[in-house]
Amino acid sequence: MTAIEIPAAPSRWRSVSLPWTVPAGAGIVLFWVAVAVLAPLVAPSDPIAQDLSDTLKPPGWAHWLGTDNFGRDVLSRLIWGTRIDLMMGFFGVLFPFVIGTTIGAVAGYSGGFVDAALMRLLDVTISFPFFVLIIAIVATLGPGLGSFYIALALVGWVSYARLVRAQFLVLKQSDFVLAARCLGFGRARIVFKHILPNAIMPAVVFSMSDAVLDILLGSSLSFLGLGIQPPTAEWGIMIADGKNFIGTAWWISLFPGIAIIILAIGFSFLADGFAELLGAKD
Amino acid sequence: MGALLEVEDLTVEFATRAGTMRAVDRVSFAVGKGEIMGLVGESGSGKTVSCRAMLHLLPAWQVRQASGRALFDGQDLLALDEARLRDLHGRRIGMIFQNPASHLDPLMTIGRQVAEPLIHHRGLSAREARAEAIELLRQVGIPDPKRAVDAYPHQFSGGMKQRAVIAGAVACRPDLLVADEPTTALDVTVQAQILRLLLDLRDRTGLAIILITHDLGVVASTCDKVTVMYAGRIMERAPKAELIRSPRHPYTMGIIRSQPSRAEPGRPLDSIEGQLPALNALPEGCRFHPRCAFAVAPCRSGEIPLDRVAADHDAACIRWRELQGAAA
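Protein sequence lines correspond, in order, to chains A and B.
The first sequence begins at 513 in this note's numbering and counts up one residue at a time.
The second sequence begins at 685 in this note's numbering and counts up one residue at a time.
Possibly wrong hints are sitting among the right ones.
Said to hold, decoys possible - Simulated coverage check for chain B against chain A, where a stretch passes if three residues somewhere in it have a Cβ under 8 Å from a Cβ of chain A:
(1) 786-800
(2) 844-853
As the list claims (entries may be wrong) - Away from chain A, derived, C-beta distances all over 10 Å, residues of chain B:
(3) Ser712
(4) Asp757
(5) Ser809
(6) Arg814
(7) Thr868
(8) Gly950
(9) Ser985
Read the hints as simulated data drawn from the structure, not as lab findings.
Bear in mind that the values here come from a model prediction, so they are computed numbers and not experimental data.
C-beta: ideal position from N, C-alpha, C; glycine also.
Isolated chain A (complex conformation):
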């Protein structure tokens, strides 16, 4: 093939710099992941071992974050609790994300009757108050993490479905999809390779804040006695356990509360950063 002389376009490379919130958020979240993974190594003692001779000790050298009313080491419980709280965040997002994205994609792409039917199903689901519905489902199925995930999957998909459906409605008419058709690509290929990756972006951003909400929700359920059961260490339970001693032994509730806040900030940074990245790209 002979090369031909064509005036070269001036080289104008643009780059999008990574917003600082992405590494900051990733750093915080990875820190907690490391804590969860390394829990057996870093926790100073057994999270459920009671020592009734050593109860309600304020933070000090023996127990960095103090002990609770059963003499359990607050730091150890906090570290082990990370495992459960991160899992609640992860699976609490995963199931609704997958279900919601599928429903939203099908509704948005097919349109017409299928869309109308799925959207009415969505309307029915969101017509119930979110927390009331979650609590009702968990109470029916019995307390525990399994019920929590099932409840979230049944209720939480609506946000993802709406986000993804809206994207599909726009993207299926978009110019680059038309261009893909002009290149002779089949329907499945266009949906999975071109529309879907673009359509899930807002859902990915939302999932970051949703993870925080799910952790808070899980903690609230544990607080109400519908989530994790004592004596398992979980941040929500720890806060609930400490509420009777809040005037005298504030450390029992305060430190898990701070842990939730720091993890939440980490996810929020990630969400902000991704949103900014996507905004810059469009």
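Fit chain B to the given chain A structure using the hints.
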């Protein structure tokens, strides 16, 4: 005979709330191998719709009917089923558009978007396709193609995006490229480069091009022949030089006169008074007569057919003989 694409009596009707509208009315043209045909007219005159209908790119729920014939290499595009048409798309017929920015997938690297048709239609391996994509990017004049192949669209300027779109569209060496206002969204210097690139592709590969545009300047610098459309009908068609030198239809004269390049300092720019009629309120007779300075009573009723002015030159005007020289 010998034409690569022969469109005969292409008619496209849309179903709208206000009833059926005929956006394209019995349009016929032919494009030979290696030929560049300009399709000229105002926005809404049916240029884009004609081409998209031919390639089945209009939303099915909008189109009520598309009739006529569009023979591409002997096969009627309008009669083809989806699968056969998909096989032609990208392999033998490419298409590029006005706004290159929105026609690239923002989440896929330039290289993959250029390589995809090669993998899909020619069965190249990913590695071969990538090498070929780099070569294609080089051919369309993208600097540093080895790096560009891994770039994302947002890292490219408008002109470079259009070059990348062209690289993808001609990757499988199609016989026909439909270019829908490919330079309208670009600035003037880049416009000229892109047009030069298209001419070059034609010279090198024998690519035929339908160039949809409303800019006669673009036509003058690239096309071999021109078809002028107005309100869904063909007003005039002729070889480029002849059309520009001696237009026969008042509408063609109007658009030539209203070229900004012909403006004189201190004098307002010439324009064609009035505006394109709505498709559900088309005037009787010649569709251009309400805006035509030369309209007479017979223009207002009946069908005005395309009349042969000279070999390869037709005009849909009953007064073309009297109007010779009126262009100035």
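A quick look at each hint next to the structure:
Coverage of a stretch by a chain is defined here by at least three residues with a beta carbon nearer than 8 Å to that chain's beta carbons; for the stretch 786-800 of chain B and chain A the count is 8, and the condition holds. Counting residues of the stretch 844-853 of chain B whose CB lies closer than 8 Å to any CB of chain A gives 5, so the stated coverage by that chain holds, three being the minimum. Non-interface call for Ser712 (chain B) relative to chain A: holds, since the shortest CB-CB distance, roughly 23 Å, exceeds 10 Å. The beta carbon of Asp757 (chain B) sits about 16 Å from the closest Cβ of chain A, which is more than 10 Å, so the claim that it is off the interface holds.
Ser809 (chain B), annotated as away from the interface, keeps every beta carbon of chain A farther than 10 Å; the closest lies near 17 Å. Distance check on Arg814 (chain B): its Cβ is at least 16 Å (rounded) from any Cβ of chain A, clearing the 10 Å threshold; non-interface status holds. At roughly 14 Å from the closest C-beta of chain A, the C-beta of Thr868 (chain B) stays outside 10 Å, upholding its exclusion from the interface. The non-interface label for Gly950 (chain B) is consistent with chain A: the shortest C-beta to C-beta separation is roughly 35 Å, beyond 10 Å.
For Ser985 (chain B), the non-interface assignment is confirmed: its Cβ lies about 40 Å from the closest Cβ of chain A, beyond the 10 Å cut-off.
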